[in-house]
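Going line by line, the protein sequences match chains A and B. Mapping of the first sequence onto our numbering: residues 1 to 454, in sequence order. Mapping of the second sequence onto our numbering: residues 1 to 454, in sequence order.
Any given hint could turn out to be false.
Because identical chains cannot be distinguished in the list, a pair is counted as satisfied if it fits within a single copy or across any two copies.
To be verified - Below, in silico cross-link-like pairs of lysine-lysine (DSSO-like), each with a Cα-Cα straight-line distance of 30 Å or less: (1) K101 to K367; (2) K217 to K366; (3) K151 to K366; (4) K309 to K424; (5) K359 to K317.
Hints in this document: simulated from the structure, not taken from any laboratory.
There are 2 protein chains.
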Amino acid sequence: MYSLGIQKLLDSAEISIGGRILVKAKGKVYEGLLMPRPDIGDSNCIVLKLDNGYNIGIRIDRGSAIEKSGHKEPKTVKEEEEFELGKIKKSLLKVSFDPEKPPIAMISTGGTVASRVDYQTGGVSAMMDPKEFLHNVPELFNIVNIKNFSKPFTKMSEDMDSSDWIALAKLVAKELNSDNKGVIITHGTDTLHYTAAALSFMLPNLLKPVIIMGSQKSSDRPSSDAVMNLICSSHAAVSDIAEVAVCMHGNMNDDYCLLMRGTKVRKMHTVRRDAFRPINDLPLAKVWPSGKLEIVNKSYRKRSDQKIKADAVFEEKVAIVKAYPGSEPSILEYLQAKGYRGFVVEGLGLGHVPTDSRKSWIEIIKKLVKDGIPVVVTSQTIYGRINPNTYTNLRRLYHYARAIPGEDMLTEVAYVKLGHVLAKTKDMDEIRRLMLTNMAGEITPRTVPDAFLY
Amino acid sequence: MYSLGIQKLLDSAEISIGGRILVKAKGKVYEGLLMPRPDIGDSNCIVLKLDNGYNIGIRIDRGSAIEKSGHKEPKTVKEEEEFELGKIKKSLLKVSFDPEKPPIAMISTGGTVASRVDYQTGGVSAMMDPKEFLHNVPELFNIVNIKNFSKPFTKMSEDMDSSDWIALAKLVAKELNSDNKGVIITHGTDTLHYTAAALSFMLPNLLKPVIIMGSQKSSDRPSSDAVMNLICSSHAAVSDIAEVAVCMHGNMNDDYCLLMRGTKVRKMHTVRRDAFRPINDLPLAKVWPSGKLEIVNKSYRKRSDQKIKADAVFEEKVAIVKAYPGSEPSILEYLQAKGYRGFVVEGLGLGHVPTDSRKSWIEIIKKLVKDGIPVVVTSQTIYGRINPNTYTNLRRLYHYARAIPGEDMLTEVAYVKLGHVLAKTKDMDEIRRLMLTNMAGEITPRTVPDAFLY
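Pulled out of the complex, with its shape left as it was, chain A reads as follows:
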């Protein structure tokens, strides 16, 4: 709710949420749509959605005035649709589809980028209508023609799992095997990089861009990063880079986004808009909202026009187990008894596990491998590469117990890859070979300079 003072001003001018208004404050005049007040922040600020898609907060004081705008909506409007905003039905969606622009498909899966404040709980909930947030970004329609807009499901990303990855991979392949130039997937940020990795493996020999984006602030709030991320994603989706890539803010300014390979990216901060960082690799490119695209990593896959076939398989019975001082390796035995068929052990440093004889990771892993259950070891350091040879204890783990060193793969990526590989083969030698083979950019043959803390 707005403050009583603001509410009085609104009531006297007969303005309700969603209405087009003029706000005069501090000698300036702002025009836009009145948004609901976010649950945090100054209740004496009015939140206005400007025609450029940005939300701003304007502090209202004695000298300020609020009135209904005499203007109609912007001229570009070609389609209009009713939808729910909060509890109020409003005709806010005014988007134009230009058939001259390159066609793309957009797939909405939910998450913050498609969220709004939920006035029942005070928290943020997923929006029911994926088109709702599109209204925030009218610029999008100057770049691409969103020919197909689909919503296979609407989930916050913490609730996505491998069945969603499979559904997405199939849907993306269908969209790519048409005249679309590329696909944009909007996604909650928390597991966005898990999905990016899954699609990287499930869409082999990709020949068009598949851009996954999200936002760290819901798009009905001031200073949401959704707008710029969507604009940059649309440039990336029609670019020459035929990879599954994540497109998010490159820094805390709204100047450019980073395009990052789907198997070499990770959410590294809970709230910052530049939370997604490339890991053990350079970003593929920097993308500016203007359309400028600067290649950083020349080893990207180029666009071509052939068809793609999704390899959308996943063995669900795979788990990540963390190894640390005092950790309990019998979790592996418990999960084996529950039918688990493969493990990623998130180990220490170069790929260590505790070797204490009371809690013997190495003996348990040896037995699992003997039982045909692969154990891949990654490092909780995030950056760097497993080295199965340097230390005596490492030689025991990798040569005696026959764990598979995870090279420079992220734990998340090794997990997704192992689930994918296990759905394709049960042969231990083949599993080992595939896990040690670079399939989708997930293993860099040599350490990439300047990639640490990029």
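Based on these hints, arrange chain B on the given structure of chain A.
Frame of chain A; chain B shown alone:
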């Protein structure tokens, strides 16, 4: 082994490993002790330990000459001791103890900093004698007087657990309650930050520096970082900063070390010498080998001369369990049945867990809390802070199921803290209060600017 060519030169000059020699190569003359060849690298390079403590590799070609040095050892030698280097007994340890220098205690626990190449396995093993690596750093004795040198155990750090933390905390308290100005602990790097966190909680109201250091390359190898880390640690140990702090390379150059608070530091790379980074906080200081110390974070605890009492308790039955797409929350029930008394769930983003009804993290956590078992949630993003309010699903986890939000604590730190707290109280309200209270710098009240990817 050195190459046949080099070995012939050595044999003809009657030089064996550990001998003091002159090497003439490329118009320069180098003097130092002949080291064993590392298991990797050019077999035509001779590895020489210079009198300044650094190891260098010198390529030997046709124009080179190797001969015994006519010089005796450096003049500062006051004590001599025989010890094993590889299989060869050599009198290499020539260290001087200067009673005029400020007294400190040094505690060696093993790890790479006290490692050497094991010619049996080809890997690296811990050295048996902690004094061995001291020979690498004669400069140390110009800074401090190592009054007490102890070795409570010799372990690679992957094998350390809470019983070692307890032993260390008691030993450190004893050393601090003497005329020592501070303590240096040498430690393997893989779990160094777990130990740093444990000592931070077990040594409350610390009034002297406790500096923990390690090295990423074993100290008998060329370009080891052990030397500079030890020198900077000795400066830090006699400084004004009365904290448990990690002292390791600040960047890839050998110019300065970062001194980082023990609860706000993490190993972030498998091999880089600058792998240890401050997380969600600035480093306490930069320390140069020259002794220059630049305070970066002014909120450090100052030195004073009072006694300290170790609070060296830990409940072993605490575990970290990772939450991710498809993860299995029944691991919590399995561990509860095994007698576990507390959990840190390494969650997603702002502190999410999957809410899928088939695998209901939230219901299981609610039941655990009802059973008196605290569940603290941290974020696998590493950087940032848990927010228990933003999203509807978060409100369910923290308000309905009553999980404890881990604030901006690292997973490792929350784990160590929970084990420490559980050893002190079984009262759930008190556990919650303590976990949400900043005890040792582990919770920063406000987000620290410029700390991301420092």
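Output the numbers, in ascending order, of every earlier hint that fails for this structure. 1 and 3
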